[in-house]
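*Asks:* What follows is each chain in one-letter form.
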Amino acid sequence: MIQKFRLQNGGLINRDKKLSFKFNGKTYSGYEGDTLASALIANGVHLVGRSFKYHRPRGFFGAGVDEPYAIVQLYRNNETEPNIKATEQELFEGLEAKSVNCWPSVNFDIGAINNFLKIFLPAGFYYKTFMWPKSFWYRVYEPFIRKAAGLGVASTKHDKERYEHKYEYCDLLITGSGPSGLASAYAAAKNGARVILAEDKPRFGGSLLTSDVNIGNQSGEDWANSIISELKEMPNVIVKNRSQVFGYYDHNMLVMSEKVSDHLPKTKKHHPKQRLWYIRAKEVLISSGSIERPLVFGNNDTPGVMLSSAAKEYLKVYGVIVGKNPLVFTNNDSGYETAIEFKKNGINPIILDTRVNPQSEIIDEAINLGIEIKFSYVVVAAQGYKKVSSADIAKISDDKKQLGTIENIKCDCICVSGFWTPTIHLASQSGNKTKFKEEIDAFVPGTSKQNETTLGAANGIFTLEETLKDSFMAGQDLSKKITNNDNKISFPNVVEKKSSQYDKFWCVPLPKGKNYKRFLDFQNDVAVSDIEIALKEGYRSIEHVKRYTTLGMATDQGKTSNLNGLQLVSEIENKVVPAVGHTTFRPPYTPISIGAIVGREVGKHSKPTRKSPMHSWHEKNNAVFVDAGVWLRPRYYKQGSENLFEASKREAKNVRTNVGVCDVTTLGKIDIKGPDAAELLNRVYTNAWLKLPVGKARYGVMLREDGIVMDDGTTTRISENHYHMTTTTAQAANVLSHLEYYLQLVWPELNVNVVSTTEQWAGAAIAGPKSRKLLEKLFPNNDVSNEGLPFMGYMESDLFGVKARIFRISFSGELAYEVNVESDNGQFMWEKIIEMGQEFQVQPYGTEALSTLRIEMGHVAGSELDGRTISYDTSLEGLISKKKDFIGKRSLNREAFTSSDRQKIVGVVPLDKKTSIPEGSHLVKDAKAPLPNKKLGHISASCWSVEHDNPFSLAILKDGKNMIGEKLFVMSPLKNKVIPVEIVSSHYVDPKGERVRS
Amino acid sequence: MLHIKCPHCGMRSQNEFSYGGDASIKRPKLNKEISNEEWDNFVYNRKSLRGKHLELWQHLSGCRQWIKVERDTATHEIFNTYRADEEIS
Ligand SMILES: [Zn+2]
Chain E
112 MIQKFRLQNG GLINRDKKLS FKFNGKTYSG YEGDTLASAL IANGVHLVGR SFKYHRPRGF
172 FGAGVDEPYA IVQLYRNNET EPNIKATEQE LFEGLEAKSV NCWPSVNFDI GAINNFLKIF
232 LPAGFYYKTF MWPKSFWYRV YEPFIRKAAG LGVASTKHDK ERYEHKYEYC DLLITGSGPS
292 GLASAYAAAK NGARVILAED KPRFGGSLLT SDVNIGNQSG EDWANSIISE LKEMPNVIVK
352 NRSQVFGYYD HNMLVMSEKV SDHLPKTKKH HPKQRLWYIR AKEVLISSGS IERPLVFGNN
412 DTPGVMLSSA AKEYLKVYGV IVGKNPLVFT NNDSGYETAI EFKKNGINPI ILDTRVNPQS
472 EIIDEAINLG IEIKFSYVVV AAQGYKKVSS ADIAKISDDK KQLGTIENIK CDCICVSGFW
532 TPTIHLASQS GNKTKFKEEI DAFVPGTSKQ NETTLGAANG IFTLEETLKD SFMAGQDLSK
592 KITNNDNKIS FPNVVEKKSS QYDKFWCVPL PKGKNYKRFL DFQNDVAVSD IEIALKEGYR
652 SIEHVKRYTT LGMATDQGKT SNLNGLQLVS EIENKVVPAV GHTTFRPPYT PISIGAIVGR
712 EVGKHSKPTR KSPMHSWHEK NNAVFVDAGV WLRPRYYKQG SENLFEASKR EAKNVRTNVG
772 VCDVTTLGKI DIKGPDAAEL LNRVYTNAWL KLPVGKARYG VMLREDGIVM DDGTTTRISE
832 NHYHMTTTTA QAANVLSHLE YYLQLVWPEL NVNVVSTTEQ WAGAAIAGPK SRKLLEKLFP
892 NNDVSNEGLP FMGYMESDLF GVKARIFRIS FSGELAYEVN VESDNGQFMW EKIIEMGQEF
952 QVQPYGTEAL STLRIEMGHV AGSELDGRTI SYDTSLEGLI SKKKDFIGKR SLNREAFTSS
1012 DRQKIVGVVP LDKKTSIPEG SHLVKDAKAP LPNKKLGHIS ASCWSVEHDN PFSLAILKDG
1072 KNMIGEKLFV MSPLKNKVIP VEIVSSHYVD PKGERVRS
Chain X
8 MLHIKCPHCG MRSQNEFSYG GDASIKRPKL NKEISNEEWD NFVYNRKSLR GKHLELWQHL
68 SGCRQWIKVE RDTATHEIFN TYRADEEIS
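Going line by line, the protein sequences match chains E and X. Under this note's numbering, the first residue of the first sequence is numbered 112, with each subsequent residue one higher. Under this note's numbering, the first residue of the second sequence is numbered 8, with each subsequent residue one higher.
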């Protein structure tokens, strides 16, 4: 394939390295250093997609981040990615890309029928049309729109690429490596400041790569290269290309996306695809430059109509000409630069200048080169469907209202320049209230809000000399404040051509009898007529106009359309632009991949995994694990072909008949020390703590200040001023913060220290009628009889040479103990228990059996202490001390908490003793009552009672106290179940609590 | 992301802290007889201020100290931070 639009020489591409790539199935070639866009244009391909609404043919409009059209689906290393701008995607060997938003193909697109039916697609079309009839939306409209529209398809496969996050601090972050970025970075770096210079393109230098200027007797490009090489050598400077700073957040935190591997056929081993940088900068220099503004005329979206700066970039950077017969349509001097570049390369452009009689150095140069210039001329409409083939042009009156006779001239591209829009996004995101600058008809940053300074074109300054002066100064002053160094840099001599005043005219009137679409927003197909309709229909606020017409709402966020949209609204409304105001700029400045945002926190890395010291034993013994917060806990130990239900039943039954052992390491543990420790407990828990003797444990319930139960657990007095508190697994972190809150802020006079020891102790619960016998074998030197170690007793001991703590506490309702050893000895302890327990038929049990045991004995847990229940509801009111005050006590006498029919915990048994009751089901009086059927309560936890061999559930039931013996219905619309049940006591096993004390 | 100066540790990122609400709220003394209204004001009623606000944060993934932060709720500007026991004039 011959690259017919590639110049023989020139450009910054590597002509020694030819690359082959595919677009829409067809093979082309380009060079290393090309973008997909420049390579396609070199091959004469201008039709790359279809527009979003009318499916009109789409070509290239820009050459970088501002591109509204050339969005493709990329295929790279067996992966696919949507929403890739061809103007940003660097070419690599074997690259494949396809057009989006066209079906079945870009050349014959069925959606283009919208274009010919456009009478149906005015502003607000989607709101107006697809709303009725309602059923049509699901059956007809949506499937059709989904098939025909959309800017690409996201892959449904797991993304195997790696994305990284990085945190960095610096003195100055500089966003953009054009003249202002380079000058300020250089000055600051010379002062010893830590500098990060970020450039979104692969090449540094910004506008210096394409403009005909001279700095310090070097071309702009050479000067940029020399500065960059010097910066790269400095240890205090980080220079990053392919890196877009896309968000300016609070306290000078900026986020940058670095495309590490997207330009390569395949990500290198141990490299990420992209890296997200969180940068905290002391000072931020915004040197993001400006984006050329389009001129608006008929069919100005035809492929071949392009920003003049883009045409110049394709020429100077890539050695590619966008057309052989170009028309340059401009209202300022920038268009001339493009025309001159064409002319220098042997191509004859025609310039149409809207101005009457402008005079400047650059215009003189164009005249001297023999370029044909037509003053007071405009393009009325582009002609050609898939590519510009000619232009209707006309003379325009001095007041810009009247068009002269329309002439048609042949051309194959129209390069437009409507002056420049400063890129103020980052400044605006920082909170800077932008101001309107009349001379350039654009917004520029106002007073700095955070530590941001905007320089050069981004600040509305378009001369090189002024830009460089300001930027050297800013870099020097800001770095001096930080480093106290003051290295003066001599200012280089600058040669540039002076420009003349630009013309504020930007929108060509329609000729009589013609109804051309004149587009403002190229990606979302918003035309001048759409804005007119929106205003006619009463939309006034620019934010409303934006949403109603979708102006500036596409993936390019209106980089080329926003100002023209504002100007149009201001003209129709007869207001000045600042009175219309602009819509809010929000991050991200460019689309960021979800992968980059998520980083490494995917799959099992999405949260930490905590394992008990006995984890490997559980694994070896066929444990099936369950997530308990960040912990992995054995849910059951599978024997043979058992399922969850069978295994947990076996394990629970073994606890009731023999002895079981459960890993309870995950319980929160807090070590409490100090002379006022008892006083703290007394204020935190609802029951009394001042008289707990050393060597005794007590069960306690703590409330929030609003009276709701926060957590429960046992606390043991280890010695005079030393307590060991346990919390539920889920609340461990909250309880610690809660204690710290009261100790640090409310009662700082209490002399107490609290510290989490959850990970310091491994815990095993030994439960069942034979547990004491097992304990006797584990601790032969201790008296563990009912007298020696009574219920709620505590002793310190020695487990075959290992320090151990023994607590006689029970969660299962059986005679039970909990043994703690230091974590490193956890596995040893566990294996000893299993070994010594063989003769008593010991079996490990998991969380499922643990739940069964606690449910059937009516012991409350997280599903009852759900942040909505008080002590009374969960039958814990017996633990409320009348004699002392404690956290949350004052709330308990509020009306709702003392009402006589207050909800209470009850037991629920199905009448048929067979049907399991789904958790979360509602309890109702009458199963056949009309909806809404009054809910009396809900099922909080369900199990299969191993004691009674039938289903049993706990429920929180209104007036539960007086409901024992009542027959109600459990309803689960979710599972489509209605189950007749009887309400029983929540204590379904050993209601008198004899076993635990035996 | 905010940058909060812990009076004990120095400048740290917001993700090391957890928010603890209005710092001007004083818990009524234990055992003190108070009206429902006074109690409700302590437990529930908070102003949703726009502007300068004295609030509590805990340096959770750091020194675990509760600190007071004077912050503008609209602009997120932080004017000052204080230790829990510091009296604020
Ligand atoms: Zn701290």
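Calculated directly from the structure, the hints in this document are not laboratory data. Hints are supplied without guarantee of correctness; some may be wrong.
[To be verified] Listed below are the simulated DMTMM-like cross-link pairs for lysine to aspartate or glutamate, each with C-alpha atoms no more than 20 Å apart in a straight line:
(1) 36/X / 851/E
(2) 393/E / 93/X
(3) 39/X / 817/E
(4) 1046/E / 1012/E
(5) 33/X / 93/X
Bear in mind that the values here come from a model prediction, so they are computed numbers and not experimental data.
*Asks:* Against each hint, give a clear statement of whether it holds in the structure.
*Replies:* Each hint tested on the structure:
no., hint, verdict
1, 36/X / 851/E, "holds, 18 Å"
2, 393/E / 93/X, "violated, 28 Å"
3, 39/X / 817/E, "holds, 17 Å"
4, 1046/E / 1012/E, "holds, 14 Å"
5, 33/X / 93/X, "holds, 14 Å"
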